[in-house]
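The whole structure should be built from the sequences, with the hints applied where relevant.
In full-length UniProt numbering, the protein residues as written are 1 to 185.
A hint or two may mislead.
[To be verified] Cross-link-like lysine-lysine pairs, in silico, DSBU-like; alpha carbons within 30 angstroms at most:
1. LYS161 - LYS92
2. LYS121 - LYS92
3. LYS161 - LYS30
4. LYS30 - LYS121
No lab work stands behind these hints: they were computed from the structure. Being a predicted model, the structure only gives us computed values, none of them experimental.
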Amino acid sequence: MLAVPRGGVPVARVVADRLGVPMDLLLVRKLGVPGQEELAMGAIADGDIVLNQEVARHVPQHEIDRVIESEQAELHRRNTAYGRTPLDVRNKTAIVVDDGLATGASMRAAVQALRQRGPGKIVVAVPTAPAHTCRAFTRIVDEVVCVTMPEPFGAVGRAYKDFSQVSDGEVRELLAAGPGDRPGR
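Below you can see the structure in the form of structure tokens.
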């Protein structure tokens, strides 16, 4: 079970506990357009950069480079903050969990980075996403599990009663928790 922090961690903890499997993180950061940070021009994970050329072509290269440098620094900070040792996924089924997909840019970067670790099978599992995004992932992973695909989609946060930010402390607690442990949220 590989959770995309921070929002995917509470979701992945529940799924990992139900399946009785260990959980780790797959660190990934969205590359937001400067001034419109919620608009993804790509994502970065473990040094792998995936750009959405349709969006990125409208952003000057020096701005793209600045955003990449900033997000690489945040990935390094999070890796240090979470103090983790990555799970060995070689020849195993890796289930990548996030709190939802919108464009899928972050998940594409996560999958690309994960492939380099040699899993036997990659499953993307999310509570919510647009149907077209889920269909796109069926071409790049072995399986996609998505609980709801509302039309119109709108945003990931619409699928939740509470879509508040997950803190670094909560991530550490959820990583340390085992089956049956339920750190507060």
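Handout entry: In rising order, the numbers of the hints this structure does not comply with
Key = As far as the earlier hints go, only 1 is violated by this structure.
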